[in-house]
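Chemist: Here is what each chain is made of, one letter per residue.
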Amino acid sequence: MITAIDFGCYAIRAAYRSPATSSQITLYSERAEYAMLPNQDSFREALSDRRIAHAECDDSIVVFGNRAGLVRWLSRRPCAPLFTDGGVPTKDAPARQILSVLTKALLPAVPPPGSLCCLTVPGGRERGSSAEFLSRIVTMLGFEPLVVSSAESVLLAAGAQTSFTGVAVVLGAETSEVSVCRHGVELAARTIAVGTNWIDTELAKQFRIQVWDEQGECYLDLESVRRWKHDQRIHLRNGVGERDKSLSRLYGSMLNQVATTVRDLLQAPQVKARIGNERLNVICAGGATQVGGFTSALTERFVDHDVAGDILSVRMVSDPSNAVVRGLLIHGELEQRRREPLKGAA
Amino acid sequence: MVRLPCLVVMFAATVFVGQSAAQDSQPFAIAGDVRMSGRYFFASTQQVDLADLLTQAGLSAEAGNAVVFRGQPLSVVSTSNVRRDALHRQTPLTAGDVVVFRRFEGGPVGDGTAVIADGGIPVVVSLPGGSLPLSEVLTSLDIRVGGPVSVIHTEWGRQVEESLDADDLVQHGDVLDLTAIAREQPLRAAATLAEVPQVTLFGEENTLQIPDAMSATENATSAPTVLPTPDSSDLSAPSKTTLAPERLSTQANPAQTTAALTIPRQQQAPSLFVPSDQYEVDNNAPIAGATSDATANDGEFVSSGQMDLSVAEANTLPEKTETQASTEVSHSDDSSDTNNSLFRTASLQRFPADRTSPSTQTPQTATSGEASTPSNAAMNGIFVIGLMMAVVLIVAGWIRTQQEQAMADSNSSDSDFADDEQTVTARQAVGLDAAVDNQLTHHELNAGEIAEILATTEPLVRSESHRTVRETSRTVEAEADQHAANGDALEDLIQNRLPLELKQTQLPLQIALFGRPAGPRRLRIDAAHTQIAAPKMDTVARRSRQQKHATVVESANNPSAGQSSTSAERSTAADVSRFDRALNFLEEQSEK
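So the protein lines, in turn, are chains A and B. Numbered per my numbering, the first sequence spans residues 199 to 544. Numbered per my numbering, the second sequence spans residues 57 to 648.
No lab work stands behind these hints: they were computed from the structure. Heads up, some of the hints might be wrong.
[Unchecked claim] Here are the computed lysine-lysine pairs in the BS3-like style, where the Cα-Cα straight-line distance is at most 30 Å:
| no. | chain 1 | residue 1 | chain 2 | residue 2 |
| --- | --- | --- | --- | --- |
| 1 | A | Lys302 | A | Lys289 |
| 2 | B | Lys592 | A | Lys427 |
| 3 | B | Lys592 | A | Lys302 |
| 4 | A | Lys427 | A | Lys443 |
| 5 | A | Lys443 | A | Lys403 |
| 6 | A | Lys403 | A | Lys427 |
[Said to hold, decoys possible] Stretches of chain B that chain A covers, calculated by requiring three or more beta carbons in the stretch to come under 8 Å of a beta carbon on chain A:
| no. | stretch |
| --- | --- |
| 7 | 119-132 |
| 8 | 135-149 |
| 9 | 195-201 |
| 10 | 561-569 |
[To be verified] Part of the chain B face toward chain A, derived, beta carbon under 10 Å:
| no. | residue |
| --- | --- |
| 11 | Gln215 |
| 12 | Val216 |
| 13 | Ile455 |
| 14 | Ala545 |
| 15 | Asp548 |
| 16 | Leu549 |
| 17 | Pro555 |
Think of the CB as a built atom: it goes at the ideal place given N, C-alpha and C, for glycine as much as any other residue.
Take these sequences, add in the hints, and give me the full structure.
Modeler: This is the structure in structure tokens:
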């Protein structure tokens with residue numbers, strides 16, 4: 199059984215193909231956040247009555263996953279991320295335990311021996327501690343972990359038309375990844391420490407989109423910013439309001455870094471040696487690419503940074519949110535096929 | 057009188073058949089600097105690529121820039137540089153995509169074309185002269201807009217989104233997004249703008265052999281088959297007339313007439329606007345060599361460029377009445393923008409059932425009822441057969457719809473409370489926020505009240521989840537049936553053939569965690585000062601400023617002393633800036 203799990207800072211998605219239902223992919227998805235409620239009997243009873251999964255900590259009740267957004271109004275506090283600053287938190291013990299609980303719930307219960315589980319790590323491969331922590335969780339559940347880059351996965355999922363050659367750009371919540379691949383082999387990659395959470399935070403700060411809890415503590419209301427951003431009328435090129443224009447500027451700043459990174463990667467010696475003067479397709483994935491006018495804005499940045507001559511086209515994948523987990527499954531299938539002859543020979 | 061209900065039933069059947077056929081095909085629209093702008097319908101089983109569409113439409117230049125628009129409202133999803141000699145299948149399209157191709161150099165090919173999207177299948181219209189005021193375009197579509205209209209103006213290498221007022225010009229290659237307007241004010245059938253023909257391309261052979269297809273398009277000897285694609289939107293499509301500057305009129309002449317067309321610009325490539333629901337093209341028809349004079353009544357034919365038309369009324373068909381008599385048209389088309397002098401030939405024949413605008417349809421029907429003296433029995437027989445076929449089709453469609461609905465309901469009942477997480481969370485948030493606004497106060501709620509609030513918001517979430525699951529299950533059924541035979545799992549994965557089935561995660565109901573959760577980050581805001589302290593004046597700075605004044609005064613008497621003091625200040629300022637730079641450098645290093 200090939201299993202894949204994408205540890206994203208916005209959501210954790212797991213997918214697998216079971217032999218019983220080989221004609222489809224089973225997908226599980228949970229938000230990577232939790233809500234804190236005061237430790238009161240009324241809350242506990244209400245959650246139990248509604249059969250909402252929750253956990254009890256020292257002085258509070260914690261609801262995690264998709265249901266966190268459902269109950270966060272009870273405490274008037276926004277949800278807390280499971281991955282702080284794009285990595286596994288070191289000072290939040292309940293969050294680390296919740297990660298373990300969620301992973302156990304998302305992956306199949308009884309895997310066959312030797313089952314492979316491809317996973318991505320928040321913050322890219324540079325986060326060695328996160329990769330080690332999450333790999334151990336997967337190992338404890340009976341799988342063999344295999345850490346894969348999210349950009350490489352996207353190219354596997356959506357690069358069949360281009361012979362798996364091109365530039366993959368994955369804009370995540372905390373970090374963005376850029377990878378240059380040729381025939382499925384990664385030539386160069388880089389992780390940028392900017393994601394959509396930075397945009398949301400800056401917008402919330404600039405326009406003072408805040409919430410207060412019962413104690414009067416103030417928090418940035420990032421969920422409200424996200425809801426506003428998901429409006430289909432929002433467009434990077436024809437913003438009319440001040441907030442729209444700020445969003446365009448913030449996106450422009452992030453895409454500047456992406457374009458600069460693409461330019462640097464394309465000028466790397468190992469890329470020049472393999473690619474030569476071939477013009478590459480740019481494949482974009484991630485939740486941030488779903489805003490209107492994204493490809494135009496990215497194309498403009500490529501023109502500004504003199505990279506447009508090396509680019510053949512810029513396109514989004516058809517399912518930006520689930521492209522990574524699809525690519526992980528493909529990677530797992532390839533890895534398993536690669537290992538089968540070795541096992542047979544042994 | 058007998059035919060009136062028959063006509064109504066046949067009209068409904070045609071709508072039904074049109075909708076089913078439209079569901080079985082993938083519509084695309086292409087405009088810009090291509091030889092044959094218009095709507096193209098590919099088979100639903102076909103994986104259509106940008107190269108396929110460009111091949112069918114015919115590139116007018118060696119190189120250019122193809123922009124793919126998608127979604128509601130339309131947004132650019134792909135920008136590709138296209139070369140005619142290196143056209144590869146690298147940009148897959150999805151149904152409903154709009155493609156605008158702009159070449160590197162040169163003006164528009166033929167009359168300008170623009171795309172109008174109203175949420176349905178986009179419409180490609182002609183702009184005589186290359187541009188038209190927005191007011192005329194909207195008037196022809198029978199739309200009244202109070203404010204500006206969103207238009208994406210395409211040029212080579214860039215797209216600019218603008219808001220056009222009524223007096224602004226809609227230019228060649230523009231994409232008008234009327235999605236928001238069409239929701240409130242759907243496009244009416246009385247539109248009079250000339251629509252570019254739509255082409256139906258069923259079959260896999262259209263996507264293969266790109267170089268051959270390109271050469272075929274370049275030679276223009278085998279134009280794609282123009283078929284009247286039944287489409288619900290076409291029933292309300294604009295009657296095929298043109299706008300004022302080049303509006304022509306034809307007169308129904310019982311004898312053979314000839315048409316002399318006004319040729320506005322010799323350099324433009326010829327374009328013939330053929331209402332696809334009225335005419336069919338026979339590629340095997342002989343070339344009409346005779347130069348024709350202008351006929352054209354009611355603006356049914358619009359032509360620009362070097363094109364000859366000869367219009368002959370086909371009274372030879374015995375079953376057609378005078379007003380329904382088909383008009384055979386043959387034309388020869390000179391591809392003037394290329395060096396070859398090949399002629400494109402086609403024979404056009406009006407369909408017996410004329411589906412033009414309602415204003416022209418009603419009198420035709422009335423006239424046909426009065427004038428049908430010679431072959432009443434034959435006509436009635438045809439109508440009865442048509443009526444029976446329509447009834448059979450309607451019943452079959454109804455049964456199929458019921459079956460699909462039943463299967464979807466059964467699937468949705470099995471998968472409870474599982475749906476797309478974004479939809480769920482968004483709806484949950486919205487629903488709960490509304491509940492909070494209504495019911496939450498600052499006092500503590502007991503368990504009963506909370507459960508009540510959750511219960512009131514739960515059905516909203518549940519209904520949304522059912523809908524999404526139903527859609528997912530439909531997708532699963534359709535794609536699973538299609539690809540169940542394909543055994544290669546890896547190929548299915550790579551080609552993205554396997555649907556995703558979203559399931560609800562089974563989390564443990566109640567667990568215990570150790571430690572204290574960090575929670576969300578608080579926004580650090582300084583508390584308000586209860587007592588504002590007195591301002592702390594920088595006495596040193598004041599003293600230095602006094603010294604500076606003093607030195608200035610002194611410098612008036614002794615210039616050399618003034619110069620020395622100012623240079624000392626400059627060195628101090630330089631030291632400060634150097635310190636800042638060092639701090640910045642340290643910060644950058646620490647960040648790295």
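Chemist: Would you mind marking each hint as holding or not holding in the structure?
Modeler: These are the hints, each one checked on the structure:
no., hint, in the structure
1, A:Lys302 with A:Lys289, "holds (22 Å)"
2, B:Lys592 with A:Lys427, "violated (45 Å)"
3, B:Lys592 with A:Lys302, "violated (60 Å)"
4, A:Lys427 with A:Lys443, "holds (12 Å)"
5, A:Lys443 with A:Lys403, "holds (15 Å)"
6, A:Lys403 with A:Lys427, "holds (15 Å)"
7, 119-132, "holds (count 6)"
8, 135-149, "holds (count 7)"
9, 195-201, "violated (count 0)"
10, 561-569, "holds (count 9)"
11, Gln215, "holds (6 Å)"
12, Val216, "holds (8 Å)"
13, Ile455, "violated (26 Å)"
14, Ala545, "holds (6 Å)"
15, Asp548, "holds (8 Å)"
16, Leu549, "holds (5 Å)"
17, Pro555, "holds (5 Å)"
In summary, the structure is inconsistent with hints 2, 3, 9 and 13 from the numbered list given earlier, while agreeing with the others.
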